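Colleague: Chains as they are written, first to last, in my numbering: chain Y, 564 to 643; chain B, 230 to 641.
These are calculated hints, taken from the structure and not from any lab test.
As the structure is a prediction and not an experimental result, all values here were calculated from the model.
Check the hints yourself; a few may be wrong.
What the hints assert, rightly or not - Here are the simulated distance ranges between beta carbons: (1) Y:D591 / B:L617: 57 to 63 Å; (2) B:A405 / Y:F625: 32 to 38 Å; (3) B:L397 / Y:F625: 33 to 39 Å.
Glycine is no exception: its CB is placed at the ideal position from the N, C-alpha and C atoms.
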Amino acid sequence: MESIKLKLIYPEDKIKEPILSRVCKNFDVEINIRKANVTENIGWLELEMTGDEDQIEQAIKFMESQGIEVSPLEGQIFLE
Amino acid sequence: MAKVKALKCKECGKEYPVEPIHVCEYCFGPLEIEYDYDEIKKIVSREKIENGPKSLWRYVDLLPVDNPSVGLSAGFTPLIKAEKLGRKLGLNNLYIKDDSVNHPTLSFKDRVVAVALSKAKEFGFDTAACASTGNLANSVAANAAASGMNCYVFIPANLETNKIIGSLVFNPTVVAVEGNYDDVNRLSSEVANEFGWAFVNINVRPFYSEGSKTLAFEVAEQLGWKAPDAVVAPLASGSLYTKIWKGFNELKTVGLISDNSPRMYGAQASGCSPIYKAFKEGRDWIVPEKPDTIAKSIAIGNPADGPYAVKVGKESSGDMEIATDQEIIEGMKLLAETEGIFTETAGGTTIAVLKRFAEKGVFDPDEIVVAYITGNGYKTMEVLEGHLNKPIHIKPSLHEFKEKVIGIKVKK
Ligand SMILES: Cc1ncc(COP(=O)(O)O)c(C=O)c1O
Ligand SMILES: [Zn+2]
Chain Y
564 MESIKLKLIY PEDKIKEPIL SRVCKNFDVE INIRKANVTE NIGWLELEMT
614 GDEDQIEQAI KFMESQGIEV SPLEGQIFLE
Chain B
230 MAKVKALKCK ECGKEYPVEP IHVCEYCFGP LEIEYDYDEI KKIVSREKIE
280 NGPKSLWRYV DLLPVDNPSV GLSAGFTPLI KAEKLGRKLG LNNLYIKDDS
330 VNHPTLSFKD RVVAVALSKA KEFGFDTAAC ASTGNLANSV AANAAASGMN
380 CYVFIPANLE TNKIIGSLVF NPTVVAVEGN YDDVNRLSSE VANEFGWAFV
430 NINVRPFYSE GSKTLAFEVA EQLGWKAPDA VVAPLASGSL YTKIWKGFNE
480 LKTVGLISDN SPRMYGAQAS GCSPIYKAFK EGRDWIVPEK PDTIAKSIAI
530 GNPADGPYAV KVGKESSGDM EIATDQEIIE GMKLLAETEG IFTETAGGTT
580 IAVLKRFAEK GVFDPDEIVV AYITGNGYKT MEVLEGHLNK PIHIKPSLHE
630 FKEKVIGIKV KK
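Please model the complete structure; the sequences and the hints are all you need to start from.
Modeller: See the structure below:
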């Protein structure tokens, strides 16, 4: 079992879609939301996802394919 | 006794023991060092600091480290009275804090890495790591080499190797990860969790970021134990900017200075300005961006300390501005031509924004203004290609020299 902290950013046109519930249905992962802010034109939330490595990876790929920006809560690469 | 009480969540205030952890388990807020300032007050004094080592470790009483062992010559960089640049900008008391000559790798990152890895050694880590293609990787690799730590540097696979020669020379293990920057980050935090390595900007980040406070401490001491009226500093993750503010506040808290802290002016590149935008739009949250700027060292699209930087900007009665790539190059040239300092694009951004604020008249001409120059231009010379004067080509003859270089018409 792995667990990873993620920040999800929803573009305006995706805010109303139940993407997270689809994630839970389609992949064997558990989601624990810690913080969220959803307004009319932007939505973001921070959550912890727990599951097997490949399930987490596929869940992330799925969310990205739905137009959600998925970034790790921890770590930032420094360019140059 | 102990100067450090705990780690404390910046969001919900929950306290944690002093361990290599960085995120609040409850609210995911970042953890910060909580000091016992009453204790520190008893042990610090100007004299003690002035008689301390000629490095940032003279401020060890205000840092979360007990036994400095890495980066022993970091910090203690020049503060230069910038007469010529000041005259151009109408500022009579302009100073440059010149971290382009920090030791050993010529950027302010030598400060944060000295603190992070000294603490990592105290925790018992034998491996240092980071995700970076530039200044941070240079410093982690150099300091790890010098202190006998193993070193892993994570970069995206599509990066040309000549971008990281300044790190490779120290012989770290460089891991080129297939994927974008987010993938590199995600893997890095997974590795940090599983392997128990000291990732300077992940699990030891609360300690790492404290190193930037020394940029405030040194300036205050160099000004004769005085805070400037205003400072200009670049923003990437927002850490440096918020910690400079914290540094000046701490000096007052422990009684080393009596001035109020300076107004904090923040500089971003227009091609990556999520903190500036949040500040200007009055948001306390950040909309991430895909960076597109020559100022790579400060191009962080999803800045971890962005919301805190916005807060500091407001609290200090400061402001933020942006500079285009062209203005950044002009800023680099301006600093070089007036003060003889060759900075990289982050410094060019700072100077460009300093100029913009000076032109707007936000500084009183006699105020003490400090611009933080955080990196060295010799690392990113390619950005200047095509932007500088060309050499004047002549034959080895005095005649040609006079005519082409000096501009004297010589009779045949
Ligand atoms: C030269 C230089 N200046 C400034 C910064 C900004 O640092 P921070 O992420 O603390 O805002 C960086 C960070 O990478 C840097 O390399
Ligand atoms: Zn918390």
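Colleague: Evaluate the given range 32 to 38 Å for the C-beta pair formed by A405 (chain B) and F625 (chain Y).
Modeller: violated, 26 Å
Colleague: Between L397 (chain B) and F625 (chain Y), does the beta-carbon spacing fit 33 to 39 Å?
Modeller: holds, 37 Å
Colleague: Per the hint of 57 to 63 Å, is the separation of the Cβ atoms of D591 (chain Y) and L617 (chain B) within bounds?
Modeller: For L617 (chain B) against D591 (chain Y), whose Cβ atoms are near 58 Å apart, the range 57 to 63 Å holds.
Consistency with the previously given hints fails for number 2 only.
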